[in-house]
Amino acid sequence: MDAITRKGQTRTAVDPVVTEIVRNGLIAATEEMKTNLMRTAYNMIIYEALDFTVGLFDAEGNTISIGLGLPMFIRGMSETVKAKIAHFKGDLDPGDILLTNDAYITGSHLNHMTFTVPIFHDGELLGFSCCMAHWPDVGGTLSGSTTDIYSEGLQMPIVKIYRKGVVSDELVSIIKTNVRLADRAMGDFRAQVAAVKTGEKRFLEMLRKYGRDDVLGAIDAIMGQSERLARERVAAMPDGIYEAESFMDDDGVSVGVRVPIRVKVEIKGDRMSVDLSEVSKQVGGFYNSGATAGMSCCQVAFKCLTSPLDMPINEGQFRALDIILPPGSVVSAVKPAAMRMWMTYPMTVVDTIFKAVAPAMPDQVAAGHHADLVVGRVNGRKASDNSFYIYLGGLIGGGWGAKHNSDGMNATIAMNDGDTHNGPSEQVEAKYPLLVERYCLRPDSGGAGQFRGGLGTEQVMQAINQINFSSQMDRVVCKPWGVFGGLSGFGNSVAIHRGGADKETHFPNGKAINQVLKPGDAYILRSGGGGGYGTPLERDVASVERDVRCGYVTRDQAERDYGVAFAKDGSIDVEATAERRADMKKQGLPIDEPIAPTPIFPAQMILEQPQRNEIPEKLTEEERVVFAMNCRCCS
Amino acid sequence: MDAKLNQNRLRLSADVGGTFTDVAAFDEPTGRLMLGKTLTTHQRLVTGIETGVEKAGASFPQAQLFLHGTTVAINTILERTGAPCALLTTQGFRDIYEIGRVNRPEAYNLFFQKHKPLIDRDMRFDIRERCDAQGRVLIPLDEQQVLDTVAEAVKQGIKAVAILFLHSYRNPAHEKRAKEIVEQAFPDLFVTASHELSQEYREYERTSTTAANAYVGPRVRRYLGEMDEHLADTGFTGTFLVVQSTGGLFDIEEAQQSCIRMLESGPAAGVIGSKVLCDQIGLKNAIAFDMGGTTAKAGVIYQGDVLMTGGQIVGGYASGLPLQIPMIDIQEVGTGGGSIARIEAGALRVGPESAGSSPGPVCYGLGGTEPTVTDCNLALGRLAPDRFLGGEMKLNLKGAENAIETKIGKALDLGTLEAADGILRVAVTKMAHMVRWVTTERGLDAADFAMVAYGGAGPLHAAMIARELRIGKLIIPFAPGHFSAYGMLFADLRRDLVNTWFKPFADISFDEMETLYQALEKAGTEDLARGRHMTVDTVSLRGADMRYVGQEHAVTVDIPMELFERQDRDGIKKLFDAVHETRYGYHNADEKAEIVSLRSATVGLMKKPEREPLDHGGVSAEAAFRGKRKVYYSGVGMVDTPTYDRTKLAAGNRINGPALIEEHASTTVVFPQDKVEVDAFGNLHIEIGRA
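Protein chains in written order, with my numbering: chain W, 28 to 662; chain R, 84 to 774.
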């Protein structure tokens with residue numbers, strides 16, 4: 028079909044009022060798709076963890092407007108739509124619905140089923156409506172880790188799940204045969220179809236109301252506005268080549284082997300290019316993600332730097348961005364790399380881009396953040412009726428990096444997630460045999476600086492009955508870095524406190540897998556702090572005084588890192604402080620150690636052997652669904 | 084006239100808003116309604132109320148009831164002008180108020196600011212005590228620590244104390260005891276404990292609610308106290324009641340304790356007014372649409388009931404503070420008469436910046452230079468320069484036109500009229516998206532609703548919004564510019580109580596549940612006891628927050644009393660399935676459900692004032708006709724449009740659009756193809772024509 032190209036039809040001059048109405052209409056349309064999906068999906072991951080994206084795309088697959096669940100999904104669907112266009116080469120008809128969950132196309136994991144409807148207006152293909160959502164189960168192994176894609180579940184290549192409005196029973200049958208919870212999967216299937224249909228309907232309404240030329244013209248104009256704004260903002264950045272390097276602790280398989288993340292950013296006139304060729308090769312563990320995720324890293328960073336609040340997401344604003352990303356890296360992995368924990372590394376890639384450009388645009392970046400979702404997974408049986416349960420804990424929020432004019436945020440969710448909430452302790456205790464001993468800020472965890480990094484948090488969870496506990500985090504040893512003389516914050520960490528013991532058991536690489544906790548034992552999740560900005564010796568004394576008064580910073584750290592001297596009555600002695608600071612400056616103090624374990628208790632660390640996770644033999648459907656949910660994007 | 088008769092005949096209400104103070108006075112013996120509108124006097128709010136009462140031709144000594152809606156509580160939070168406070172909380176949870184829910188709604192903003200607590204960390208204290216989720220005491224309350232901690236905080240100058248202990252919704256004993264200790268030792272402090280405001284789980288939201296109450300408490304208590312004294316000075320001998328965010332009333336003794344419950348009293352009263360109107364004319368489903376100077380708001384009446392919510396976030400979703408108390412569910416968008424139009428990166432934007440009342444729109448001539456929505460209405464002929472606020476305020480047409488032309492028209496290469504029309508169309512689509520949102524969010528379709536439009540700017544834009552959403556029926560109530568004050572006249576005494584009670588639905592014991600409901604109802608009835616002399620009846624409503632096992636979000640299900648009487652477990656489950664179906668588009672009869680919280684509302688029904696009906700005047704509206712003027716309509720251009728004086732309309736009058744119906748505080752725009760009929764109470768029923 029030749030309608031796939033827009034052809035060279037002339038368009039009338041764009042009506043600025045219609046443009047603004049279309050702009051608001053597109054946002055409302057994708058918001059409505061989002062609401063409909065959240066409303067109709069039978070899947071908590073969709074409406075509670077926001078693990079989805081919806082969007083409208085032009086006939087070439089460029090993003091017109093997207094309604095995000097999670098911020099790292101900024102790129103995912105456009106690549107998927109483009110792959111579908113390339114696959115069918117124009118062989119599309121009204122009523123077709125296209126489906127795939129190819130992990131190397133979506134860039135993430137197999138749970139991300141992506142539905143796309145081509146939108147035809149008077150026989151002409153004018154765009155696509157698309158919806159990606161996380162299915163709780165797509166088959167694959169329930170236990171342990173994976174080392175290739177085949178063990179992760181059903182792979183659905185690009186297919187027409189509907190042809191001219193008729194569903195393909197064979198394909199549906201293949202899906203139902205390969206997933207554990209077929210009824211629920213079909214519920215999500217229907218919800219996604221409803222969502223893409225909503226997008227199609229609203230888009231067609233706009234076309235009918237304002238006419239094809241005006242709407243397409245308005246979309247061009249909107250993208251043009253975004254592009255102009257982005258170019259203006261890039262043009263204001265100093266030209267140059269900026270590089271930075273950071274490290275992941277390890278891939279979970281080769282313990283302690285650092286995984287390098289090197290990025291190069293070039294700014295030239297009104298263009299920015301981000302080169303990820305030097306990011307580590309794909310790894311043996313399941314921390315890989317596809318090229319789409321690599322591109323997302325660059326786009327997320329670009330969006331943060333150019334238009335964090337003032338432009339909706341569309342293709343136009345990324346026209347000034349070039350991405351260099353050869354295949355085979357840990358964020359452009361190729362088959363058969365394992366992808367289940369795809370979301371961990373990209374957060375650090377984004378931070379590393381900020382680190383690279385920091386010298387060029389010190390007013391627009393933040394120091395490193397804790398860059399991990401800090402999740403704890405628990406399963407066990409309730410004493411009352413021996414029923415099996417899974418509790419997805421953690422998401423406790425951590426510290427964010429300081430900026431040129433303000434301290435970093437305390438206790439805020441990491442970059443992969445946006446509007447994700449933690450669970451109230453009162454609810455956790457009511458639902459599970461667990462007791463939250465404390466959930467509090469970690470004093471001193473924010474990297475010292477003229478502006479202080481945000482504080483991480485600590486959650487101590489006591490088991491009332493025996494539980495199995497797992498947590499896989501990173502950036503434990505490779506801590507959130509400071510910039511411009513700011514110090515690094517505390518790293519993330521996980522520990523177990525055995526009932527009656529006076530020491531905690533630590534997991535130095537942050538991977539505590541299948542630990543058995545007896546009643547009275549507690550697990551401890553600690554999220555890292557943000558890095559500091561500027562040298563702490565420049566922090567104004569009043570702020571240090573407030574930090575100490577409020578307990579964000581201990582007296583010890585105030586003396587050691589901020590060079591503050593206290594008078595006998597506990598107040599800050601301004602003169603002595605000035606002296607002390609001058610002295611420290613001469614000696615090159617304070618010293619930063621960005622890659623080092625965070626001392627928590629100066630105690631011996633006990634390494635425990637992983638214990639085999641027992642999958643309960645008899646699972647009810649309800650138990651099965653929670654078990655399968657062990658793997659989700661936001662955790 | 085008999086002095087006794089002259090007294091106690093009025094029901095008075097005053098809605099004090101940011102710009103205007105509205106007064107409504109209802110004369111019970113004759114059914115006559117009197118209205119007054121005046122600028123709010125921020126220095127001394129009572130002055131404005133007095134002027135308003137005078138303007139309405141009423142006086143305090145004649146009144147038996149004074150009903151009050153005020154923004155004093157919400158402004159104290161938004162302006163951060165509350166009292167220094169201390170927070171006492173369970174050991175290990177000192178930071179819960181600051182940690183919050185860790186979400187980051189501005190996903191790409193590295194400079195994102197999360198909520199800023201009203202109490203700094205150095206005034207937040209851990210107290211040794213602990214209960215578990217069943218309410219069993221794990222660690223007894225350290226009473227000495229409570230005393231010592233507060234004594235230390237008092238030295239730092241605190242004026243109020245907020246107390247939140249974990250699981251106090253199950254067992255409030257520790258909170259009660261701690262409050263007692265503090266009150267005994269420091270009788271001047273304002274002390275508030277979380278279980279008095281919310282008995283629902285979610286410790287962060289409950290902390291925030293309690294802290295906010297402590298923060299506004301001293302100021303609100305003083306304000307109401309002064310108002311009460313002042314009323315006494317004027318010779319008022321009746322009862323002083325305050326409107327809550329639920330639209331219900333409470334007496335000032337309660338209002339001085341649970342201050343936070345009056346947060347959104349004005350907007351809530353408008354929705355109550357809409358609900359009364361719907362009952363009167365037999366409408367089951369309606370959207371209450373209120374457009375003022377800076378915002379537009381929408382609430383929903385569905386199947387005869389006002390839709391409520393369990394809380395809101397004050398100060399915007401991204402960085403605001405949550406309050407966990409029942410209230411009318413009202414959505415808001417930053418589009419109002421004062422919204423400014425501007426060009427940004429070559430694009431036309433309208434709002435959310437507002438010129439407010441000062442400097443106000445350009446046409447007010449008070450120094451405004453940026454074109455606003457009101458200026459556009461003037462330029463298009465919908466407002467008349469010499470008839471605004473009954474002619475009290477002359478509008479500057481030339482200034483408005485000039486601003487639209489230079490700031491917008493030239494940049495977009497549009498004529499002044501086209502630019503003004505374009506600005507209104509953009510403003511209307513924004514409001515239409517908001518109105519659609521309040522319905523789609525709940526699985527409803529706006530097109531199935533009628534719209535009741537009020538607020539000074541509501542009747543100007545309502546028909547455009549209705550058309551956008553395919554709403555067929557529009558109602559402009561009598562006195563739309565005073566509608567919140569009017570709505571208060573019909574409010575009832577009300578106490579909402581919620582108690583978290585996690586229970587698998589299959590296991591619930593009706594006897595246990597009955598005991599819990601009766602305890603809530605007893606508490607509610609006791610709260611209303613002081614107002615018994617004013618009420619004709621007391622009714623109790625029951626509901627429950629329910630969800631399928633495994634879900635986090637619960638839906639509120641209103642449960643008729645007879646289901647409890649019959650102990651009809653299946654009936655309640657079916658009701659829940661149906662609510663879930665509407666809201667989420669699916670249900671599963673075989674899926675297990677659980678109860679999260681029990682809800683109870685005790686309503687002390689007040690005698691409703693009966694309005695005198697309008698004279699019947701036949702079909703012709705000739706008597707109200709006051710000439711024609713040129714008005715611009717999109718896609719049509721300038722049309723000679725008849726104008727009518729609303730005060731002269733009679734019941735049964737019919738008008739075909741185009742027309743303008745003008746009154747003191749508002750103008751209704753009737754578009755070509757729309758048809759108006761005046762009902763017996765002076766409400767305008769507009770049938771929106773299909774193009």
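Bear in mind the hints are in silico, worked out from the structure with no lab data behind them.
Just so you know, even glycine gets a beta-carbon here, dropped at the ideal spot from N, CA and C.
One or more of the hints may lead you astray.
Computed list of lysine to aspartate or glutamate pairs in EDC-like fashion (alpha-carbon distance at most 16 Å, straight line) [to be verified]:
1) R:Lys-586 x W:Asp-175
2) W:Lys-458 x R:Glu-501
3) R:Lys-690 x R:Asp-110
4) W:Lys-228 x R:Asp-528
5) R:Lys-713 x R:Glu-501
6) W:Lys-458 x R:Glu-635
Not close to chain R: a few residues of chain W, all C-beta gaps over 12 Å, as computed [as the list claims (entries may be wrong)]:
7) Glu-47
8) Asn-63
9) Asp-129
10) Val-199
11) Cys-577
Residues from chain W that face chain R, not an exhaustive set, calculated with beta carbons under 7 Å [claimed, not checked]:
12) Val-44
13) Lys-295
14) Gly-296
15) Ser-300
16) Ala-438
17) Pro-451
Okay, the hints, checked on the actual structure:
1. R:Lys-586 x W:Asp-175: violated, 43 Å
2. W:Lys-458 x R:Glu-501: Cα-Cα ~60 Å, so violated.
3. R:Lys-690 x R:Asp-110: Within the cut-off at roughly 13 Å; holds.
4. W:Lys-228 x R:Asp-528: holds, 15 Å
5. R:Lys-713 x R:Glu-501: Measuring from Cα to Cα gives roughly 15 Å; hence the hint holds.
6. W:Lys-458 x R:Glu-635: OK: Lys-458 (chain W) and Glu-635 (chain R) at ~11 Å, within 16 Å.
7. Glu-47: violated, 5 Å
8. Asn-63: Given a closest Cβ separation of 7 Å, the condition is violated.
9. Asp-129: About 26 Å separates Asp-129 (chain W) from the closest Cβ of chain R, which puts it past 12 Å; holds.
10. Val-199: holds, 18 Å
11. Cys-577: At roughly 4 Å from the nearest Cβ of chain R, Cys-577 (chain W) sits no farther out than 12 Å, so the non-interface label is violated.
12. Val-44: Status holds, d = 3 Å.
13. Lys-295: violated, 23 Å
14. Gly-296: violated, 19 Å
15. Ser-300: Violated, about 20 Å.
16. Ala-438: holds, 4 Å
17. Pro-451: holds, 5 Å
Of the numbered hints stated above, those contradicted by the structure are hints 1, 2, 7, 8, 11, 13, 14 and 15, listed in ascending order.
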